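Residue numbers (the working numbering), protein chains in the order written: chain A, 1 to 476; chain B, 1 to 177.
Quick caveat, the hints were computed from the structure, so don't treat them as lab data. Bear in mind that the values here come from a model prediction, so they are computed numbers and not experimental data. Possibly wrong hints are sitting among the right ones.
Residues on chain B that point at chain A, a partial pick, calculated with CB under 10 Å [claimed, not checked]: (1) Phe-118; (2) Leu-131; (3) Val-147.
Glycine is no exception: its CB is placed at the ideal position from the N, C-alpha and C atoms.
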Amino acid sequence: MAHASDHAAPAVLNEIKPAELPRAKLVENDRSFAWITEKVCSIIEGKTPTWWWVCFILACFVASFTVAGITYLVATGVGVWGHANPVNWAWDIVNFVFWIGIGHAGTLISAILCLLRQKWRTSINRAAEAMTIFAVVCAAIFPVFHVGRVWFAWYLFPIPNANYIWQNFRSPLEWDVFAVSTYGTVSVLFWYVGLIPDLAVLRDRFFRAGNKLRSAIYGFFAMGWRGSNRHWSNYEMAYLILAGVSTPLVLSVHTIVSFDFAVSLLPGWHTTIFPPYFVAGAIFSGFGMVLTLMLPLRAIYRLEDLITQYHIDCMCKITLATGTIVGYAYGMEFFIAWYGANPYEGFAFINRAFGNYAWAYWIMIGCNVITPQFFWFRKVRENTWLVWVLSIFVNVGMWFERFVIIVTSLARDFLPSSWGYYSPSIVEIFTFFGTFGVFSVLFLLFIRFLPIMPMAEIKAVTPQADAHAGHGHDKH
Amino acid sequence: MAAQPYGLIATFDTPADVMHAAEKVRDAGYKSWDCITPFPIHGLDKAMGVKRSIVPRFSLAGGLIGFTTGMSMIWFMNSYDYPLIVGGKPFFSPLFAFPVSYELTILFTAFATIGGMFFLNRLPMHYHPVLKYDQIHRGMDDQFFIVIDSRDPKFNPTATRALLEKAGGKAITELEA
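Bound conformation, chain A alone (with noise of 0.2 Å):
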């Protein structure tokens, strides 16, 4: 019988003793918080490093290409991209999809995985939140051009016009103007205010080194925040609003993504499935950029401390879980075109099988099924260039899905008068192929300008920010 004092734990747990496992450590070596800041600032402080100048100015050479297609796009018409009846959404909205779940991950990890008390979270958030936003701006350029006269995108948002005429809310499309554009804001409010703290630090050790400049930009953005703890008190409580509201926002941005197709009436997008399956493709291709972004900035920055072979292992099992998730969606839309008897449902998913586009569905399989079933194995979780490889396949399985689901329904659509077959013009695929660089423009300057970790709460999360434990004292 369990005795008075644990009487709060099963019986059972002393027939059966379970092993004492330690929990995992969050930062290595019991670093102290001196160290912390000092590690994380001084990425930013010390001298720009070559491999830095190298890689920005390839990426703007990359970049480029997207400035070279728009540009093009702009000039001529919408019609240089390779979109023709029956397919009038292809790269464009696949592009658009693909990096909008990108995104996705920075989100869960700043905000769901915050309600959830995932402390693991501390040392990925500030990056993956920064990846969110990126992604964001690089998703935002494709439906913005594909409206084919972009001078009158700002039809999309509800401003008066000479017309006198609103917009149609009730379509999809437009729902998706105010979750896209609800979710860039809240991201990038939710990414500066968890900025806020440590920008703070980076003026005061600017002032400091005499560099009165940067200590003035770093300042004016700090708002003059002090540390003080009435301050803490409403700024915790306001981060944890943030994640909750920002918790079902991501989970509506893509439900609402997905309603693009759902609510239409073709065979292979009008299936309920379609927000779930959304959300967890969308988090599944953000764990893949995530570790494709963060394992080589561990390795450079030896950040091995801070991002922990354990940090690596949860993100791995969730890449794990949200893709064998997938893999269980695929099947379901399978068994539902069986079940549900509609010969055009039935066709479009054998289509998508053994039709056409057949390629891209097994390089999507392949990619999204059978790559994360890796990660059930700790030999693979710790070998860091398999997980990074795996992550590349991640991302590729993850583009062929949007572009299998978007292009074989419209390709092979009601009348087979019309059917036909799409090809990308060199226009589409400049665009694309621009926006990583594009994105990575945007990466290089934010983890050369900023503080990649948040040094606040990495500090809150290691032993000796624990008041209650009484032999917190600060090693150096």
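Start from chain A and add chain B according to the hints.
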């Protein structure tokens, strides 16, 4: 007349030290004082006697305004100002207006929360006597401070200094106003 100092600042090395000192300052009856910490310390609010934050009231107000704005905007645009005929559907229904209203609820809540936090903290405030303390950068890095304002009715240069010393505070310094 010599300028009255802003207050006294004392340094502590660990979260536990500053927490125990905060309990003593609270129990001595001070009201106008603060702790400076590089990160939020769990339990320090209670040790200081700081009440639960009222930021959620701003958030609730923002959320309600956002939802109402969404619903009334869509009603006004698609049903009142320019009734839009789409597939013979009703001009207004809360169902099709919901997704946009939902997003606006979140957008307004986020702005109200951050605005409320800044308002309650009286930020931005780029000039503050505490920021002039020459060791203040340590308070953003790895040390902990307690600041007692000289405008506090219980403030007395000698007695307050003695209290901070007794509570374990080091390098007790007068802050110029």
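Hint check:
1. Because the smallest distance between the Cβ of Phe-118(B) and any Cβ of chain A comes to about 7 Å, under 10 Å, the interface hint for this residue holds.
2. Satisfaction of the interface hint for Leu-131(B) is found here, the shortest Cβ-Cβ separation to chain A being roughly 6 Å, below the 10 Å cut-off.
3. Below 10 Å, beta-carbon pairs count as interface contacts, and Val-147(B) has one with chain A at about 8 Å; its hint therefore holds.
Of the numbered hints given earlier, the model fails none.
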